[in-house]
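Chemist: In case you want the letters, here they are:
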Amino acid sequence: MVKSELIQQIAEKQNHLQSKDVETSVNHIIDAMSNSLSRGQRIEIRGFGSISVRHRPARQAHNPRTGELVHTPPKSTPHFKPGKELRDRTNLSRALHPIKDTKDQREQY
Amino acid sequence: MTSLTKADIAEHLHSVVGINKRESKEIVEQFYEEIRGSLERGESVKLSGFGNFTLRDKSERPGRNPKTGESVAISARRVVTFKAGQKLKARVEEAHTAADTSTSEDGGNHDAGENDV
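First to last, the sequence lines map onto chains A and B. Numbering-wise (my numbering), the first sequence opens with residue 1 and increments by one. Numbering-wise (my numbering), the second sequence opens with residue 110 and increments by one.
Treat the hints with care, as some may be off.
To be verified - Quick list of in silico lysine-lysine cross-link-like pairs, DSSO-like style, CA-CA up to 27 angstroms:
(1) K20(A) / K176(B)
(2) K115(B) / K84(A)
(3) K198(B) / K81(A)
(4) K198(B) / K3(A)
(5) K134(B) / K84(A)
(6) K13(A) / K75(A)
(7) K100(A) / K84(A)
(8) K100(A) / K192(B)
(9) K176(B) / K84(A)
(10) K100(A) / K198(B)
(11) K134(B) / K13(A)
(12) K130(B) / K100(A)
(13) K115(B) / K134(B)
(14) K20(A) / K167(B)
(15) K81(A) / K176(B)
(16) K130(B) / K13(A)
(17) K3(A) / K196(B)
(18) K3(A) / K176(B)
(19) K84(A) / K13(A)
(20) K198(B) / K176(B)
(21) K196(B) / K75(A)
(22) K20(A) / K130(B)
(23) K115(B) / K192(B)
(24) K3(A) / K130(B)
(25) K20(A) / K134(B)
(26) K81(A) / K3(A)
(27) K134(B) / K3(A)
(28) K176(B) / K13(A)
(29) K192(B) / K75(A)
(30) K20(A) / K3(A)
(31) K3(A) / K13(A)
(32) K134(B) / K81(A)
(33) K13(A) / K115(B)
(34) K75(A) / K198(B)
(35) K198(B) / K84(A)
Stated by the list, open to error - Rough simulated footprint, nothing fancy, chain B against chain A, three-plus residues with beta-carbon under 8 angstroms:
(36) 1 to 8
(37) 17 to 29
(38) 40 to 47
(39) 60 to 72
(40) 78 to 90
Simulated from the structure, these hints should not be mistaken for lab results. Ideal placement from N, C-alpha and C gives every residue a C-beta, glycine not left out.
All chains, please: the whole structure from these sequences, using the hints.
Modeler: This is the structure in structure tokens:
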């Protein structure tokens, strides 16, 4: 599911709202989450999960193949921890629904 | 700093989009419910500019009870993983790299940014 499909799904169930308002709202929800993480503020949605910023300090590492010393810069990345309801629901439907979109996922990594 | 919650997002929608409070609360609730529903159906969710929520099936593996040291099998399960998109990663990186170098010197606290802004 991509953003446009998500907007469409919500709009279908919200018949008293214009789909343009739904689209604007979804964009604002995503922006609010991005802005929050950019400020270092974590997001906590009960039943969905939390997203926080994780920091990794700079360190000296070795290239495992050549043994050469490489300097890795400090890093900060968003980290998602699924909430209980999301964890349980996805896990319970495991037998019913195979994972779709696998090819696409693999290309992401 | 406290966490961003559904109530905060709904309040924001109400003031910025101009929809009433009940509607904004409903949209926020539905936003997360649609994502959960999609993942429940085995479909990943891709939000351009933010990131992808994908699924992974894990097979059973041996584990240990950290309290007792007793070995127990961790059952096969499906898990949700999130991978931040380029845009979000760049924004987070940009905002924190400067602060990070100073915090990493005094030990590089793992989740330092959560409370210190």
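Chemist: Given the hint that K134(B) pairs with K13(A), test it: the Cα-Cα distance must not exceed 27 angstroms.
Modeler: Distance of about 14 angstroms is within 27 angstroms: holds.
Chemist: Can you take a look at whether the stretch 60 to 72 of chain A is actually covered by chain B? Rule is 3+ residues, C-beta closer than 8 angstroms.
Modeler: With 0 residues close enough to chain B, the hint is violated.
Chemist: If you draw a straight line from the CA of K198(B) to the CA of K84(A), is it 27 angstroms or shorter?
Modeler: Holds: K198(B) and K84(A) sit about 26 angstroms apart, inside 27 angstroms.
Chemist: Are the Cα atoms of K20(A) and K3(A) separated by 27 angstroms or less?
Modeler: Distance ~14 angstroms between K20(A) and K3(A) Cα, so the pair holds.
Chemist: Between the alpha carbons of K134(B) and K3(A), is the straight-line distance 27 angstroms or under?
Modeler: holds, 19 angstroms
Chemist: Within 27 angstroms, alpha carbon to alpha carbon, are K198(B) and K3(A)?
Modeler: Holds, because 18 angstroms separates the two Cα atoms, which is no more than 27 angstroms.
Chemist: For the pair supplied as a hint, K115(B) and K192(B), confirm whether the alpha-carbon distance does not exceed 27 angstroms.
Modeler: holds, 21 angstroms
Chemist: Take the C-alpha atoms of K196(B) and K75(A), compute the straight-line distance between them, and say whether it is at most 27 angstroms.
Modeler: holds, 15 angstroms
Chemist: Would you mind confirming whether the straight-line C-alpha gap from K100(A) to K198(B) stays at or under 27 angstroms?
Modeler: holds, 26 angstroms
Chemist: For K134(B) and K81(A), compute the direct alpha-carbon distance and say whether it is at most 27 angstroms.
Modeler: Given that 27 angstroms is the threshold and the Cα spacing comes to 23 angstroms, the pair holds.
Chemist: Between K20(A) and K167(B), is the straight-line Cα distance small enough, at 27 angstroms or below?
Modeler: Violated. K20(A) to K167(B) sits at ~40 angstroms, over the 27 angstroms cutoff.
Chemist: For the pair supplied as a hint, K3(A) and K13(A), confirm whether the alpha-carbon distance does not exceed 27 angstroms.
Modeler: holds, 16 angstroms
Hint compliance for this structure: hints 1, 6, 12, 14, 18, 20, 28 and 39 are broken, all remaining hints hold.
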